[in-house]
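Those protein sequence lines, which keep their order, are chains V and W.
This note's numbering numbers the first residue of the first sequence as 1 and each following residue consecutively.
This note's numbering numbers the first residue of the second sequence as 1 and each following residue consecutively.
Warning: the hint list may mix true and false statements.
Pairs involving identical chains hold if they fit within one copy or between any two copies, as the list cannot separate such chains.
Unchecked claim - Calculated cross-link-like contacts (lysine-lysine; reagent style PhoX-like; alpha-carbon spacing at most 20 Å):
(1) K178 with K384
(2) K88 with K157
(3) K7 with K246
(4) K356 with K323
(5) K272 with K48
Rather than coming from a laboratory, the hints here were simulated on the basis of the structure.
Values in this document were obtained by computation on a predicted structure and should not be read as measured data.
There are 2 protein chains.
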Amino acid sequence: MDSIFAKRVQNAPRSFTRKILDVIDAKDIISFAGGLPDESLFPHELIKKEMNHSLDTMPRSIYQYSQAQGAIQLRSELAKTYTNSTEKEILITTGSQQGLDILCKAFIDEGDTIVVEAPSYLAALNLFALYNANIQEVPLTCNGIDTIQLEILFKTKKPKFFYAIPTFQNPTGWSWKKECKVEVARLAKKYNVIIVEDSPYNALKYEESIELGFEELLPKLSVTLGTFSKTLVPDFRIGWMRADEKFLKVFQNMKENTDLQSPKFFQYIVAKIMKDGNLSLHVKSLIEAYRVKRNAMAEALKKEFGKDIEYEIPTGGMFFWIKFDDKVDTMKLFDIAIEHKIAYVPGSVFYKDNKKNSYVRLNFTNATFEDIKIGIKRLNLALKEYNAKHE
Amino acid sequence: MDSIFAKRVQNAPRSFTRKILDVIDAKDIISFAGGLPDESLFPHELIKKEMNHSLDTMPRSIYQYSQAQGAIQLRSELAKTYTNSTEKEILITTGSQQGLDILCKAFIDEGDTIVVEAPSYLAALNLFALYNANIQEVPLTCNGIDTIQLEILFKTKKPKFFYAIPTFQNPTGWSWKKECKVEVARLAKKYNVIIVEDSPYNALKYEESIELGFEELLPKLSVTLGTFSKTLVPDFRIGWMRADEKFLKVFQNMKENTDLQSPKFFQYIVAKIMKDGNLSLHVKSLIEAYRVKRNAMAEALKKEFGKDIEYEIPTGGMFFWIKFDDKVDTMKLFDIAIEHKIAYVPGSVFYKDNKKNSYVRLNFTNATFEDIKIGIKRLNLALKEYNAKHE
């Protein structure tokens, strides 16, 4: 019976996230695993106010079928956030995950090469595998990617696109330096490769810095993916794609064929929240809150592990990327950690081949201060038990 | 540059719906083209009441990421509408259009055969083409499909599934007789072919009748697609898939990879509306209103065209399927009709090869009574002009 399914289903990796979610449903586990925002910070009153206002003022036509590209009100607000963009270059998607799916639909035939950072976003790797893409990795450091390797890949493999998260990356929290971006843009033009810039964390910036986006460096040959899941709430499921119109028209066609349109109701509300300046205000308060959590985790890590682990303190986003001693296999450590009631994501799942390594990804935005302290302590106890077993 | 796109994009048919929508944006055109519900009948006050209630009572966690299968509250309500189904056999989708996309993801490799009714739902045909499926048609009459032809296709082409709309079909408004369903179920079992029953119009039933669903005839080997777009409002974008768990788990995996989840917020509201019995009440009032519109269109057709056209009066759904004299090419008639400020969908677009024919699909749910009368009159004038030109 199984052979009735398409090849892509047989290639589909079972989501590790799901395995973790299954495990950590146990009540007393502290989880640094998910990439979840802190729900106590959701702007419930603001949403309520705007929804009530909308319910009183929106015409019935709000609930009718509408065009696939999305509400012009929201597209206009989003266009303003980019240099030289118009609402014609914006498509509303069901979260940025659907942006990825649309990207695959538009560009990937079986066996086509695409390039990703190593490590990269798990759900993107899973999706690319589902489209039977030939996934090539380029090594990432805290300064950016290895552009020498990238040029070799661009030259020899002729990839359809390079999927990257240049700012506050998932899983590392790292950002590319400006020189890296400029060089990648140069290579993209030289070899005619699309740069897909996924930017879910850009707004969550804990230090002063100026991030240069590929929409400025490479407006015609780059696609930007964005989402309100980290800045407002995930459940609205509103993401967007920004791209040159020649690409956007194809994306819109794929969107229309996939699910006709995303709900306008939420789009109107988000547009209003943006227009009134309330999104920026809310993000400012998020940044304040998340910065303190980040500091708390940095402090706990320093206190518990000292110099036994390697990491950068992230200047934005939601994650610490921690390297244990080379001999530690963090996938094996995971089972011990769960016994100690602490969950994280093992580093290996963020690589194409899942080969074992000594990294873990820790999320700091979802846990409470108390849980951050206790959780890091538990992680250290789990590591000690692991080391004792593997001496 | 175009060659950078995937093959499926190059195969993607340009949506005729879009062409029509572009044309009929002109203000004074009466349109029977879209498959749109009547927005003046949307239960605005009911939605407002339920949303306000939800905003006051829902916990913040409603806005957090959640699992791909959908809210259990809604899945439970939906399971009750099927004989012997549980919430484990229901997946929430972004409209039933996403159900189609998930179906393609789960089953279609390039070149795989699928069977459709001739004629069939335009957006399904477009999507199947996008997945590079080998589409085989089986002729439909007002009693059901040609089961002799179907058996030949099942036997010789080994299709992955048979996609059908057995009740109040789009575009014809026709329903299969019980014997046809029983025979199709027998053939499905014999040749191990999945029956996909799309059921968007089932609730819009204007005469007494009992519709037997494939979830009863063929629970293990059938997939049911449903939607609230016709019974509540399209913009919530809530559809569902019902299938045996072995299929449903794969569908859920595909859903998760595609867009993680659909918004829970609307799912809670719809579950509440169902649970309180308010959906059935609303559908009853819809049926009353649409029945009168159907009667108005039947009367106008009789008055204007007499015996010059052939059609069945639909016992449910949203469409009349009208046959003009054989010599009329309704695609050519379309341009004249637009000059007369009346729009419809030419029959040819509902067939795989778009070969010319003398059918038109007329929607009767969206237009006002006044527009139904005037529109049918204009259609007759357009036909007369066409006939004069082609004598």
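Could you place K88 and K157 in one of the four classes (within, between, both, neither) given a Cα distance threshold of 20 Å? Answer is neither: 32 Å inside a copy and 44 Å across each miss the 20 Å cutoff.
Review point. Are the CA atoms of K272 and K48 at most 20 Å apart within a copy, between copies, both, or neither?
Key: Both, since 13 Å and 19 Å are each at most 20 Å.
Margin query: My question is about K178 and K384: at a cut-off of 20 Å on alpha-carbon distance, are they close within one copy, between copies, both, or neither?
Written below: Intra 40 Å, inter 68 Å, cutoff 20 Å: neither.
* Asked: At most 20 Å between C-alpha atoms: does K356 with K323 qualify within a copy, between copies, both, or neither?
  -> within (12 Å within a copy, 66 Å between copies)
Exercise. How would you label the pair K7, K246 (within, between, both, or neither) given a Cα cut-off of 20 Å?
Worked result: between (31 Å within a copy, 16 Å between copies)
In summary, the numbered hints that this structure violates are 1, 2.
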